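2 protein chains.
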Amino acid sequence: MERLAIVGVGLIGGSLALALRRAGYCHEVVGAGRDRASLQRALDMGVIDRFELDVCSAVRGADVVVLATPVGVIESVCRSMRGCLGDTSILTDVGSVKAAVVQAVEAGLGRLPTHFVPGHPIAGRERAGVEAAEADLYQGRRVILTPLPEGDVTAALAVKRMWEAAGAQVENMPVAHHDEVLAATSHLPHLLAYTLVSSLSRLDEQEEIFRYAAGGFRDFTRIASSDPVMWRDICLHNRDDIVAMLRHFRGDLDILEKAIAGADGDRLLTLFQRAKQTRDRFCG
Amino acid sequence: MERLAIVGVGLIGGSLALALRRAGYCHEVVGAGRDRASLQRALDMGVIDRFELDVCSAVRGADVVVLATPVGVIESVCRSMRGCLGDTSILTDVGSVKAAVVQAVEAGLGRLPTHFVPGHPIAGRERAGVEAAEADLYQGRRVILTPLPEGDVTAALAVKRMWEAAGAQVENMPVAHHDEVLAATSHLPHLLAYTLVSSLSRLDEQEEIFRYAAGGFRDFTRIASSDPVMWRDICLHNRDDIVAMLRHFRGDLDILEKAIAGADGDRLLTLFQRAKQTRDRFCG
Numbered sequence: 001m002e003r004l005a006i007v008g009v010g011l012i013g014g015s016l017a018l019a020l021r022r023a024g025y026c027h028e029v030v031g032a033g034r035d036r037a038s039l040q041r042a043l044d045m046g047v048i049d050r051f052e053l054d055v056c057s058a059v060r061g062a063d064v065v066v067l068a069t070p071v072g073v074i075e076s077v078c079r080s081m082r083g084c085l086g087d088t089s090i091l092t093d094v095g096s097v098k099a100a101v102v103q104a105v106e107a108g109l110g111r112l113p114t115h116f117v118p119g120h121p122i123a124g125r126e127r128a129g130v131e132a133a134e135a136d137l138y139q140g141r142r143v144i145l146t147p148l149p150e151g152d153v154t155a156a157l158a159v160k161r162m163w164e165a166a167g168a169q170v171e172n173m174p175v176a177h178h179d180e181v182l183a184a185t186s187h188l189p190h191l192l193a194y195t196l197v198s199s200l201s202r203l204d205e206q207e208e209i210f211r212y213a214a215g216g217f218r219d220f221t222r223i224a225s226s227d228p229v230m231w232r233d234i235c236l237h238n239r240d241d242i243v244a245m246l247r248h249f250r251g252d253l254d255i256l257e258k259a260i261a262g263a264d265g266d267r268l269l270t271l272f273q274r275a276k277q278t279r280d281r282f283c284g
Numbered sequence: 001m002e003r004l005a006i007v008g009v010g011l012i013g014g015s016l017a018l019a020l021r022r023a024g025y026c027h028e029v030v031g032a033g034r035d036r037a038s039l040q041r042a043l044d045m046g047v048i049d050r051f052e053l054d055v056c057s058a059v060r061g062a063d064v065v066v067l068a069t070p071v072g073v074i075e076s077v078c079r080s081m082r083g084c085l086g087d088t089s090i091l092t093d094v095g096s097v098k099a100a101v102v103q104a105v106e107a108g109l110g111r112l113p114t115h116f117v118p119g120h121p122i123a124g125r126e127r128a129g130v131e132a133a134e135a136d137l138y139q140g141r142r143v144i145l146t147p148l149p150e151g152d153v154t155a156a157l158a159v160k161r162m163w164e165a166a167g168a169q170v171e172n173m174p175v176a177h178h179d180e181v182l183a184a185t186s187h188l189p190h191l192l193a194y195t196l197v198s199s200l201s202r203l204d205e206q207e208e209i210f211r212y213a214a215g216g217f218r219d220f221t222r223i224a225s226s227d228p229v230m231w232r233d234i235c236l237h238n239r240d241d242i243v244a245m246l247r248h249f250r251g252d253l254d255i256l257e258k259a260i261a262g263a264d265g266d267r268l269l270t271l272f273q274r275a276k277q278t279r280d281r282f283c284g
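Protein chains in written order, with our numbering: chain A, 1 to 284; chain B, 1 to 284.
Hints are computed from structural coordinates only; laboratory data are not their basis.
Some hints could be false.
Repeated chains share a single entry, so a pair holds when one copy, or any two copies, can fit it.
What the hints assert, rightly or not - Using 20 Å as the maximum straight-line C-alpha spacing, the simulated EDC-like pairs for lysine to aspartate or glutamate come out as follows:
(1) LYS258 to ASP241
(2) LYS160 to GLU2
(3) LYS160 to ASP63
Small disclaimer: the values here were computed from a predicted structure and weren't measured.
Chain A on its own, in the form it takes in the complex (with noise of 0.2 Å):
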């Protein structure tokens, strides 16, 4: 690959082109984005070769186009790309939901180019910006791309090679079906912890609630200090899903509170029982 555009330079696209840029996978790396100061930074730390704040300039020419920004605003950054976005570059993303996305690509750029293929690195950490990046994170990870129906073969197989030179495993699977897994695996979780940390923090006792909090509490809401304005946006793009999920949840929420309430130690077993069964034959 000659040149590689990423559009949104922070933990995500940052780590990807360190990644890249380490395999010897491509000969350039252009960042673009709105934030002079911290495209400087990525500079600095060798995770991008040269920037533009104009996007339009950063993605005329390149071979792929990564978008890596929030998701929110892929919209429009897709319209700042009419016109300069060439008919055989590679367009792909790493959103965490996916509908969504092919959505904002189509209304921005007034089509959906063939050779655009939408992915999602399941790969993160709490803390965010390109300062975060490092070139080991995708390694052993899993990436899920959902090419398209009408798409172009051998741009999806592409961003396939392209992950894997970045040490992850990819995988392909429907748009529609990877947004109701990850409101399950990823959406669900996440709006958990935040909402158990929120929930305690309105209590009266909190300094001391945290104060007693053990190591358990700690990996339980590691997930709550993960970046809010990503999560709005996912809440805001995969709302379906996660509302399904949230429900499909609560009426199990529903269960256990008349098994407590009731004292049925027996049900209260079996739950634990299953879940722990199934926890340890998944993640153990």
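Could you slot chain B onto chain A? The hints should help.
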């Protein structure tokens, strides 16, 4: 201390014994329990000096007796100790709930000994049993004692010193307050983790769902691998506080769901920002 008796030599009781032996805090540790094979392992591991299957023989002549069984059997264990527990023997426990333990001790012994000091080490791990015991488990961890108003002050001091010798920081609080604080910081998170895993395991795509679960999910659900019997007992013995916390949490979950369904981005952002600030401030 001459002789320490530990009733229930599992992770918690076994780790306390190891820590106190290493500190040279007591001359003899007697283990008691119902499972000969497990007590034999404790002996082989050097956790205890000898064991008794009869709890009465184990506690006779002990300076300190630590109840480290599941909370659900404390009443029957105490019944077996009637007439054997010396008047000056200090009795303490390690249960995750305190009001129910006080009740169980009183019901079992037929009276509340003045030398009884309820306690709760805020430490643990997913693996249970004496095999998981280690001398460092309490190093730097908090232990909450809930001395009773009518209790002996020197007994409370002795239990405090014992935990400090095991490396812990000891703090006192009233019984009812302990149960309320722990319902928030420990019981609620465990129940959410159990319910999440159980909820996801009922979905059609469960194999796939757990396959795409990333690091955040593993952290979040780690506590769902905890001991089901222990957690059933906690639920049954801290019912009112837990049900109150579940309702408090569910109210907040309802607000979140409405904000998502209504695409209220500002409200979502505020909620996530507040949670992140709180979490970073207390656990950062």
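- Message: Let me make sure I understand: some of the numbered hints might not hold for this structure. Which ones are they, in numerical order?
- Response: The structure breaks none of the hints.
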